[in-house]
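Heads up: the protein sequence lines correspond to chains A and B, in order. Sequence positions in the first sequence follow our numbering and run 6 to 121. Sequence positions in the second sequence follow our numbering and run 14 to 129.
Just so you know, these hints were derived from the structure itself, not from any lab. Misleading hints may appear alongside valid ones.
[Said to hold, decoys possible] Pairs of lysine-lysine residues, derived as BS3-like cross-links and limited to a Cα-Cα distance of at most 30 Å, are as follows:
no., chain 1, residue 1, chain 2, residue 2
1, B, LYS22, B, LYS84
2, A, LYS75, B, LYS57
3, B, LYS49, B, LYS35
4, A, LYS75, B, LYS54
5, A, LYS78, B, LYS84
6, B, LYS35, B, LYS80
7, B, LYS84, B, LYS32
8, A, LYS75, A, LYS21
9, B, LYS80, B, LYS54
10, B, LYS54, B, LYS35
11, B, LYS22, B, LYS53
12, B, LYS49, B, LYS84
13, A, LYS75, A, LYS8
14, A, LYS21, B, LYS80
15, B, LYS35, B, LYS22
16, B, LYS65, B, LYS84
17, A, LYS78, B, LYS35
18, B, LYS32, B, LYS57
19, A, LYS78, B, LYS32
20, A, LYS21, B, LYS57
21, B, LYS80, A, LYS8
22, B, LYS53, A, LYS8
23, B, LYS53, A, LYS78
24, B, LYS65, B, LYS22
25, B, LYS80, B, LYS57
26, B, LYS54, B, LYS84
27, A, LYS8, B, LYS57
28, B, LYS80, A, LYS78
29, B, LYS53, B, LYS80
30, A, LYS75, B, LYS53
31, B, LYS65, B, LYS49
32, B, LYS32, B, LYS65
33, B, LYS22, B, LYS49
34, B, LYS32, B, LYS80
35, B, LYS53, A, LYS21
36, B, LYS22, A, LYS78
37, B, LYS84, B, LYS35
38, B, LYS57, B, LYS35
39, B, LYS35, B, LYS65
40, B, LYS22, B, LYS54
Quantities reported herein were computed from a predicted structural model and do not represent experimental measurements.
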Amino acid sequence: AQKITQTQPGMFVQEKEAVTLDCTYDTSDPSYGLFWYKQPSSGEMIFLIYQGSYDQQNATEGRYSLNFQKARKSANLVISASQLGDSAMYFCAMSTTWDSSYKLIFGSGTRLLVRP
Amino acid sequence: DTAVSQTPKYLVTQMGNDKSIKCEQNLGHDTMYWYKQDSKKFLKIMFSYNNKELIINETVPNRFSPKSPDKAHLNLHINSLELGDSAVYFCASRHVRATRNTGELFFGEGSRLTVL
């Protein structure tokens with residue numbers, strides 16, 4: 006069965022520094038996708054970044070990059086130059102099959118607090 | 014110009030009542046989902062519909078009944094509400110057949126249900 010694990014319930018980072026949020030996954034499917042979402046205190050779910058299991062390069066989106074290590078089954082999110090507005094819950098997620106029963110399964114989340 | 018909209022955003026009700034949450038997406042997507050986020054922020058899929066057809070029905074009490082009148086709408090009706098139903102319910106959508114599709118889900122803003 007697929008599983009996503011986020012072992013850091015909470016993290017602090019100083020403004021303007023980089024931070025890494027950990028995510029490990031377990032699946033027997035050869036093809037899958039990995040996602041990160043941000044949930045600020047206002048509650049909405051904001052898609053940040055995607056990595057396909059066959060992608061050769063690590064995904065980047067602005068200040069977000071995904072450190073994908075397939076052999077270790079990890080997909081850590083790196084946020085560079087942290088800003089106060091980055092304070093939020095961050096969820097790692099994995100897609101399952103690519104047919105109509107497609108769904109995302111989520112980790113338990115990491116609460117990030119950016120200190121001024 | 015909201016992509017995925019849910020109503021109501023807040024719902025406070027008594028145990029035993031029946032309530033509905035509505036969801037509409039204007040993205041032209043053909044698959045819609047309901048997720049439940051509990052008090053510990055854990056997100057769990059409940060249902061998915063593809064072109065009005067029920068595809069995913071996770072282990073959810075049968076007091077929860079989704080209904081999709083067309084592929085742009087997915088409603089959630091809950092009978093005989095219990096204290097444990099208190100949560101934030103998220104609607105999401107995705108286009109299965111997109112040619113350039115990372116597979117991310119587009120989420121609504123959530124509907125916070127409080128059962129007293």
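These are the hints, each one checked on the structure:
1. B:LYS22 with B:LYS84: With a Cα-Cα distance of about 21 Å, the restraint between LYS22 of chain B and LYS84 of chain B holds, given a limit of 30 Å.
2. A:LYS75 with B:LYS57: holds, 25 Å
3. B:LYS49 with B:LYS35: This hinted pair holds, its Cα atoms lying about 14 Å apart.
4. A:LYS75 with B:LYS54: holds, 27 Å
5. A:LYS78 with B:LYS84: violated, 35 Å
6. B:LYS35 with B:LYS80: With Cα atoms ~10 Å apart, LYS35 of chain B and LYS80 of chain B stay inside 30 Å; holds.
7. B:LYS84 with B:LYS32: With Cα atoms ~22 Å apart, LYS84 of chain B and LYS32 of chain B stay inside 30 Å; holds.
8. A:LYS75 with A:LYS21: holds, 29 Å
9. B:LYS80 with B:LYS54: Between LYS80 of chain B and LYS54 of chain B the Cα gap is close to 25 Å, so the pair holds against 30 Å.
10. B:LYS54 with B:LYS35: holds, 21 Å
11. B:LYS22 with B:LYS53: Roughly 19 Å between the alpha carbons, so the hint for LYS22 of chain B and LYS53 of chain B holds.
12. B:LYS49 with B:LYS84: Holds, because 20 Å separates the two Cα atoms, which is no more than 30 Å.
13. A:LYS75 with A:LYS8: Distance of about 15 Å is within 30 Å: holds.
14. A:LYS21 with B:LYS80: violated, 47 Å
15. B:LYS35 with B:LYS22: holds, 10 Å
16. B:LYS65 with B:LYS84: holds, 5 Å
17. A:LYS78 with B:LYS35: Violated, at roughly 37 Å.
18. B:LYS32 with B:LYS57: holds, 20 Å
19. A:LYS78 with B:LYS32: violated, 41 Å
20. A:LYS21 with B:LYS57: Violated, because 33 Å separates the two Cα atoms, which is more than 30 Å.
21. B:LYS80 with A:LYS8: holds, 28 Å
22. B:LYS53 with A:LYS8: holds, 18 Å
23. B:LYS53 with A:LYS78: Given pair LYS53 of chain B, LYS78 of chain A holds - Cα atoms ~25 Å apart, limit 30 Å.
24. B:LYS65 with B:LYS22: holds, 24 Å
25. B:LYS80 with B:LYS57: holds, 19 Å
26. B:LYS54 with B:LYS84: Within the cut-off at roughly 28 Å; holds.
27. A:LYS8 with B:LYS57: holds, 12 Å
28. B:LYS80 with A:LYS78: The given pair, whose Cα atoms are some 37 Å apart, is violated under the 30 Å limit.
29. B:LYS53 with B:LYS80: holds, 27 Å
30. A:LYS75 with B:LYS53: holds, 29 Å
31. B:LYS65 with B:LYS49: holds, 20 Å
32. B:LYS32 with B:LYS65: Holds, at about 21 Å.
33. B:LYS22 with B:LYS49: holds, 14 Å
34. B:LYS32 with B:LYS80: With Cα atoms ~13 Å apart, LYS32 of chain B and LYS80 of chain B stay inside 30 Å; holds.
35. B:LYS53 with A:LYS21: At roughly 29 Å apart (the allowed maximum being 30 Å), LYS21 of chain A and LYS53 of chain B satisfy the hint.
36. B:LYS22 with A:LYS78: violated, 37 Å
37. B:LYS84 with B:LYS35: holds, 13 Å
38. B:LYS57 with B:LYS35: holds, 18 Å
39. B:LYS35 with B:LYS65: At roughly 15 Å apart (the allowed maximum being 30 Å), LYS65 of chain B and LYS35 of chain B satisfy the hint.
40. B:LYS22 with B:LYS54: holds, 17 Å
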